[in-house]
Amino acid sequence: MNGIAFLIPIALGLGLAGLFGFHWALRAGQFDDPEGAAIRILLDEGPVGPDRPDA
Amino acid sequence: MTALLSHAEFVLPGIRCAGCIAKIEDGLSHLPGVVSARVNFTAKRVAVDHDGSLDDAVLRRAIGDLGFTAELLVEAGEQDRAHARESRELLKALAVAGFAAMNVMLLSVSIWSGAEGSTRALFHWLSALIAMPTVAYSGRPFFKSAWAALRRGRTNMDVPISIGVLLATLLSLFETIVGGAHAYFDGAVSLLFFLLAGRYLDSAMRDRARDSAASLMRQTAPGGTVVYPDGSSAWVRAADLAPGMRMIVTSGERFGADGRIEKGETRIDASLVTGESEPAPASVGDRVIAGTLNLAAPVEITVTAAGPDTAIAGMARLMEAAGQGKSRYVRIADRAARLYAPAVHCLAALSFAGWMIAGAGWHQSLLIAVAVLIITCPCALGLAVPVAQVVAAGAMMRRGILVKDGSALERLAEADSVRFDKTGTLTLGRPELVEESLTAEERPLALALARASRHPLSIALARRLEGEGVAAADLGRIVEYPGKGVEARHDGRMVRLGSPAWIGCAAPGDGMACAFAIEGGDARLLSFSDRIRPDAASSVRRLEAQGLECAILSGDRRAAVAPVAVDLGLTAAVGLSPTEKVDAIHRQAAIGHRVLMVGDGLNDGPALAAGHVSMAPASASDVGQTAADLVFLGDSLAPVPIAVDAARRTMRVVRQNFVLAIGYNLLAVPLALAGLVTPLVAAIAMSTSSIIVVANALRLRRIAA
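If you read the protein sequences in the order shown, they are chains L and Z.
Everything in the first sequence is counted per my numbering, starting at 1 for the first residue and increasing by one.
Everything in the second sequence is counted per my numbering, starting at 1 for the first residue and increasing by one.
Derived from the structure by calculation, the hints contain no laboratory data.
Incorrect hints may appear among the rest.
Derived contacts from chain L toward chain Z, CB cut-off under 10 Å, selection only [claimed, not checked]:
id, residue
1, L12
2, L16
3, G18
4, D33
5, A37
Every residue, glycine too, gets a C-beta built ideally from N, C-alpha and C.
Throw the hints in and build the complete structure from the sequences for me.
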């Protein structure tokens with residue numbers, strides 16, 4: 001019974017962490033362009049965007 | 001940042017690799033005024049944040065300079081956004097149901113393996129704690145649809161699902177409170193999980209197909225340059241054009257509205273409307289139609305009709321009317337649901353009544369009725385169709401065939417005759433150089449001239465010469481004479497590329513030709529033809545072998561169609577207007593045929609919508625692509641028989657899936673009726689039937705060539 005008291009909250013906590021992680025990734029748009037994500041790892045340059053030094 | 005931040009999205013049909021992404025993102029972010037550019041490869045789009053002073057047209061030109069064609073995307077319609085939101089909501093619900101199913105299952109396994117007394121009570125309470133909010137959250141898509149159906153006095157697949165899930169949850173809660181032995185929380189939650197998976201796949205497939213088709217779509221004309229009476233001019237979107245405005249349309253630009261030419265003469269590529277690939281000359285007083293391409297020289301027109309009043313919009317309405325029949329098509333899953341839902345309700349009600357009569361008490365009877373509902377709950381049935389269609393559509397997409405929605409596969413499998421358009425469908429719809437006698441010194445000059453013109457023959461010549469690795473000569477000022485050709489001065493001599501009559505050599509009797517000459521030298525005749533698509537003959541033979549009856553419906557003249565028809569051994573109806581094409585298809589439908597229409601042009605749009613199912617090549621006009629159910633990439637016609645084959649195999653697998661899912665349930669129902677189904681048995685039955693159905697559908701991943 002003591003083991004259960006620890007393990008069940010841990011199991012639920014991990015599950016919830018995964019669920020929130022998924023929601024965050026969904027909201028952050030990480031599932032918007034799955035094919036692009038697979039291809040982008042082939043790019044040499046760093047990310048381009050607003051934080052470029054020459055912007 | 002001085003100006004307001006604006007956002008623009010462009011469709012990029014031509015991006016293929018990592019290099020393209022880098023080139024576009026890099027190139028655009030170095031443009032002054034651009035804050036960020038992000039390519040979405042899946043949707044083949046680029047989203048640009050820029051400050052308001054920067055014009056969309058400038059961005060489009062910038063992308064063009066990087067070597068890509070881009071079209072401004074009109075803001076997504078409310079409908080599209082609603083679809084995207086729906087998929088996202090389903091995915092969230094699926095994630096929650098998945099989380100809950102795993103955890104409740106974990107607790108249930110402990111109970112099944114022999115947890116007793118207070119441990120069991122604790123596990124039941126924990127399950128309730130996880131399952132109740134999950135059912136409330138993840139069950140909404142089903143409850144909403146079931147409620148909507150019930151309110152209108154009808155029933156659908158979601159009604160037994162909702163009743164099953166709600167009854168199972170409430171009964172399990174009751175069991176938990178009184179400390180009973182069985183709770184069905186795991187059943188209720190994993191049922192939701194499997195059903196949501198099916199729903200999400202179905203919705204994701206539609207979204208994805210919609211995106212692909214949209215990315216291929218070229219807009220007829222985003223707008224045009226309007227000249228105001230005071231002499232100023234501005235670029236105006238097509239939606240804001242109005243009759244009476246004067247517009248300047250440069251060569252290579254599409255007309256944004258219907259109008260009359262006021263100044264200038266040119267040649268117009270009206271293939272979008274007429275299906276005719278030969279450009280037609282037009283001069284002052286002639287009518288021009290929105291969406292056609294101005295090829296030779298800038299003209300000034302007075303707008304006679306804009307927006308919804310244009311000829312193109314009229315065609316769209318004709319198409320909509322023709323497509324009405326199609327929207328009444330009942331998908332196979334819905335037909336199954338219509339039979340299945342009442343049967344399941346009756347069975348559950350009967351078992352409840354039967355056990356009450358047998359004197360089992362309401363608690364026991366209700367428990368058995370719920371077990372029947374859970375066992376028969378159509379989770380494998382809900383997966384049967386979408387899984388097969390998503391797997392097949394994915395395999396077809398890898399072979400260059402885009403499927404717009406699942407019912408297209410069902411309808412394609414039913415087709416028993418094919419009607420082809422000629423230009424652009426059986427043929428490539430663009431001239432190809434077939435004969436030339438240019439010498440090595442002449443080639444660079446010819447290429448330089450050909451590049452300077454937008455005439456389709458010039459484009460074909462330039463493409464061929466570039467393909468042969470010829471480097472263009474450096475010519476000075478190149479002058480274009482509308483309807484005649486281009487000329488420039490090279491080493492003190494005139495070089496010319498243009499119509500044979502203008503250059504002064506005899507034109508061949510038929511076919512398309514142009515001529516090239518250096519002053520004082522011989523004229524070279526270059527002849528072109530609209531080539532039949534590779535594999536056209538073998539594809540037609542294969543379609544006939546598949547039992548489809550093939551014929552041509554063309555808007556072209558008899559002389560233009562005859563050689564193609566003879567080559568492919570097909571009968572042909574020629575000189576048909578769009579309405580006549582629709583009538584021809586309706587006549588076929590009236591005698592019980594289901595027609596697969598394959599076409600590309602605007603003139604085929606209504607026929608594509610009227611066909612039982614339709615396909616268009618990716619080179620088709622956007623009207624053709626919008627109207628078609630399937631779009632195929634590449635020059636070959638082979639995707640047509642491949643798609644027919646794939647659709648038939650998909651439907652075979654769908655039918656097998658129905659047999660498997662219903663058969664499995666039929667086996668388990670007697671057990672449930674007999675009161676032998678414990679939550680353990682229900683959980684096993686449910687997951688096994690779902691897994692079998694998914695595994696069967698995965699066989700579709702390999703679609704043979």
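Hints versus structure:
At about 6 Å, the closest approach between the beta carbon of L12 (chain L) and any beta carbon in chain Z falls short of 10 Å, and the interface hint on this residue holds. Satisfaction of the interface hint for L16 (chain L) is found here, the shortest Cβ-Cβ separation to chain Z being roughly 7 Å, below the 10 Å cut-off. For the restraint placing G18 (chain L) at the interface with chain Z, the shortest Cβ-Cβ distance is roughly 7 Å, inside the 10 Å limit, so the hint holds. With a cut of 10 Å, the hint placing D33 (chain L) at the interface with chain Z holds, because the nearest CB-to-CB distance is about 4 Å.
Here the hint on A37 (chain L) is kept, as its CB sits about 8 Å from the closest CB of chain Z, short of 10 Å.
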